[in-house]
Amino acid sequence: EDQVTQSPEALRLQEGESSSLNCSYTVSGLRGLFWYRQDPGKGPEFLFTLYSAGEEKEKERLKATLTKKESFLHITAPKPEDSATYLCAVQGGGGTSYGKLTFGQGTILTVHP
Amino acid sequence: GEEVAQTPKHLVRGEGQKAKLYCAPIKGHSYVFWYQQVLKNEFKFLISFQNENVFDETGMPKERFSAKCLPNSPCSLEIQATKLEDSAVYFCASSQSGVRQPQHFGDGTRLSIL
Numbered sequence: 016e017d018q019v020t021q022s023p024e025a026l027r028l029q030e031g032e033s034s035s036l037n038c039s040y041t042v043s044g045l046r047g048l049f050w051y052r053q054d055p056g057k058g059p060e061f062l063f064t065l066y067s068a069g070e071e072k073e074k075e076r077l078k079a080t081l082t083k084k085e086s087f088l089h090i091t092a093p094k095p096e097d098s099a100t101y102l103c104a105v106q107g108g109g110g111t112s113y114g115k116l117t118f119g120q121g122t123i124l125t126v127h128p
Numbered sequence: 035g036e037e038v039a040q041t042p043k044h045l046v047r048g049e050g051q052k053a054k055l056y057c058a059p060i061k062g063h064s065y066v067f068w069y070q071q072v073l074k075n076e077f078k079f080l081i082s083f084q085n086e087n088v089f090d091e092t093g094m095p096k097e098r099f100s101a102k103c104l105p106n107s108p109c110s111l112e113i114q115a116t117k118l119e120d121s122a123v124y125f126c127a128s129s130q131s132g133v134r135q136p137q138h139f140g141d142g143t144r145l146s147i148l
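Protein sequence lines correspond, in order, to chains C and H. The first sequence begins at 16 in our numbering and counts up one residue at a time. The second sequence begins at 35 in our numbering and counts up one residue at a time.
It is worth saying that the hints were derived from the structure and are not from the lab. Where is the CB? At the ideal position from N, CA and C, for every residue including glycine. Be careful, since some hints might not be right.
As the list claims (entries may be wrong) - Pairwise CB distance ranges (calculated): (1) H:LYS117 <-> C:GLU70: 39 to 47 Å; (2) C:GLY108 <-> H:GLU97: 23 to 31 Å; (3) H:SER110 <-> C:PHE87: 36 to 44 Å.
Said to hold, decoys possible - Straight-line alpha carbon distances no greater than 35 Å define the calculated DSBU-like cross-link-like pairs of lysine-lysine that follow: (4) C:LYS94 <-> H:LYS117; (5) C:LYS84 <-> H:LYS54; (6) H:LYS96 <-> H:LYS52; (7) C:LYS84 <-> H:LYS52; (8) H:LYS78 <-> H:LYS61; (9) C:LYS94 <-> C:LYS74; (10) H:LYS52 <-> C:LYS78; (11) H:LYS61 <-> C:LYS72; (12) C:LYS84 <-> H:LYS117; (13) H:LYS78 <-> H:LYS96; (14) H:LYS102 <-> C:LYS57; (15) C:LYS78 <-> H:LYS74; (16) C:LYS94 <-> H:LYS74; (17) H:LYS78 <-> C:LYS94; (18) H:LYS117 <-> C:LYS74; (19) H:LYS74 <-> C:LYS83; (20) C:LYS57 <-> H:LYS52; (21) C:LYS57 <-> H:LYS74; (22) H:LYS52 <-> C:LYS74; (23) H:LYS43 <-> C:LYS83; (24) C:LYS74 <-> H:LYS96.
To be verified - Which chain H residues stay away from chain C? Per the calculated CB distances, all over 12 Å, these: (25) GLU49; (26) LYS78; (27) GLU86; (28) GLY93; (29) GLY142; (30) ARG144; (31) SER146; (32) ILE147.
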């Protein structure tokens with residue numbers, strides 16, 4: 016069974032204070048690792064897809080990296096508008112898990128001005 | 035459309051009543067996925083469709099839950115004889131292909147069972 020664990024559960028930063036979120040995973044045949052951002056009362060908003068170890072993707076202040084066991088979401092010089100819950104999900108290729116996403120519990124990020 | 039549209043935003047039902055939720059996927063997307071978010075961030079996969087065909091139903095509670103995706107109609111998720119534990123936010127997502135492509139989510143339907 017695919018499993019995803021995110022840490023920390025909550026992270027409070029000052030504006031401009033860079034940090035990283037962690038996503039550890041076990042999956043049978045990784046087809047993709049996905050990062051989403053979720054604001055209160057909204058659905059998850061897609062950020063990045065990573066497919067293989069060593070891959071990196073960047074968008075504005077966010078950078079996602081992938082190893083064989085974990086992914087990191089690095090936030091550089093965050094702003095208050097980056098405050099949200101960040102979700103990591105994996106899509107495995109084993110058994111009957113074709114297509115479905117297995118999510119972690121999320122990291123609640125709060126950036127103070 | 036360019037976004038996944040879910041209706042209604044909030045649905046209140048008494049225990050034992052029926053609930054029906056709707057989802058219009060992004061135009062051109064062939065795959066639809068339903069997830070249940072019970073606790074704050076705990077997503078549970080329910081069912082997926084490739085066009086109007088069930089693709090994966092391994093997460094569906096078979097007894098009271100059913101779902102359809104018919105041509106030229108929004109997809110639907112129906113819960114018969116609702117129970118208190120069905121209270122959750124139900125999210126629909128769509129993607130161009132079943133794997134390796136990102137799933138794009140709607141804003142969910144909050145189902146409250148009283």
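Structure-based check of each hint:
The beta-carbon spacing between LYS117 of chain H and GLU70 of chain C, approximately 43 Å, falls within the hinted interval of 39 to 47 Å. Restraint check, GLY108 of chain C to GLU97 of chain H: a C-beta distance of roughly 29 Å satisfies the suggested window 23 to 31 Å. In this structure, SER110 of chain H and PHE87 of chain C meet the distance hint of 36 to 44 Å, their C-beta atoms being roughly 39 Å apart. Between LYS94 of chain C and LYS117 of chain H, the direct Cα distance comes to roughly 42 Å. Violation of the 35 Å bound is thereby established for this hinted pair.
Of the supplied pair hints, the one linking LYS84 of chain C and LYS54 of chain H is violated, its CA atoms being roughly 39 Å apart against a limit of 35 Å. In summary, the hint linking LYS96 of chain H to LYS52 of chain H is supported, as the alpha carbons are separated by about 15 Å, within the 35 Å threshold. Among the hinted pairs, LYS84 of chain C with LYS52 of chain H is inconsistent with the structure: their alpha-carbon atoms are about 43 Å apart, more than 35 Å. Under the criterion of a C-alpha separation no larger than 35 Å, the hint pairing LYS78 of chain H with LYS61 of chain H is consistent with the structure, at around 25 Å.
Among the hinted pairs, LYS94 of chain C with LYS74 of chain C is consistent with the structure: their alpha-carbon atoms are about 14 Å apart, no more than 35 Å. Straight-line distance between C-alpha atoms of LYS52 of chain H and LYS78 of chain C comes to about 44 Å, which puts the hinted pair past the 35 Å bound. Of the pairs offered as hints, the one joining LYS61 of chain H and LYS72 of chain C holds, with about 27 Å between alpha carbons and a cut-off of 35 Å not exceeded. About 38 Å separates the Cα atoms of LYS84 of chain C and LYS117 of chain H, which puts this hinted pair outside 35 Å; it is violated.
Restraint check for LYS78 of chain H and LYS96 of chain H: the C-alpha separation of about 15 Å stays at or below 35 Å, so the hint holds. In summary, the hint linking LYS102 of chain H to LYS57 of chain C is supported, as the alpha carbons are separated by about 24 Å, within the 35 Å threshold. Of the supplied pair hints, the one linking LYS78 of chain C and LYS74 of chain H holds, its CA atoms being roughly 25 Å apart against a limit of 35 Å. With a C-alpha separation of about 24 Å, the suggested pair LYS94 of chain C and LYS74 of chain H falls inside the 35 Å cut-off, and the hint holds.
Our distance criterion of 35 Å between C-alpha atoms is met by LYS78 of chain H and LYS94 of chain C, whose separation comes to about 31 Å. Proposed proximity of LYS117 of chain H and LYS74 of chain C is contradicted: the alpha carbons are some 42 Å apart, above 35 Å. Restraint check for LYS74 of chain H and LYS83 of chain C: satisfied, since their Cα atoms lie roughly 28 Å apart, inside the 35 Å limit. For the hint linking LYS57 of chain C to LYS52 of chain H, the alpha-carbon distance of about 25 Å falls within 35 Å, and the restraint holds.
Between LYS57 of chain C and LYS74 of chain H the CA atoms are separated by roughly 12 Å; this keeps the pair inside 35 Å, and the hint holds. Pair hint LYS52 of chain H plus LYS74 of chain C does not hold up; C-alpha atoms about 43 Å apart against a cutoff of 35 Å. With a C-alpha separation of about 39 Å, the suggested pair LYS43 of chain H and LYS83 of chain C falls outside the 35 Å cut-off, and the hint is violated. For the hint pairing LYS74 of chain C with LYS96 of chain H, the CA-to-CA distance comes to about 41 Å; that exceeds 35 Å, so the pair is violated.
The non-interface label for GLU49 of chain H is consistent with chain C: the shortest C-beta to C-beta separation is roughly 25 Å, beyond 12 Å. Annotated as non-interface, LYS78 of chain H brings its C-beta within 12 Å of a C-beta of chain C; the closest such distance is 9 Å. The Cβ of GLU86 of chain H lies farther than 12 Å from every Cβ of chain C, with a closest approach of about 16 Å, so its non-interface assignment holds. Not every Cβ of chain C is farther than 12 Å from the Cβ of GLY93 of chain H; the closest lies at roughly 7 Å, contradicting the non-interface assignment.
The beta carbon of GLY142 of chain H sits about 5 Å from the closest Cβ of chain C, which is not more than 12 Å, so the claim that it is off the interface is violated. Residue placement check: ARG144 of chain H does not keep its beta carbon more than 12 Å from all beta carbons of chain C (closest about 9 Å). The beta carbon of SER146 of chain H sits about 14 Å from the closest Cβ of chain C, which is more than 12 Å, so the claim that it is off the interface holds. With a minimum CB-CB distance of about 19 Å to chain C, ILE147 of chain H clears the 12 Å threshold, and the non-interface call stands.
In summary, the structure is inconsistent with hints 4, 5, 7, 10, 12, 18, 22, 23, 24, 26, 28, 29 and 30 from the numbered list given earlier, while agreeing with the others.
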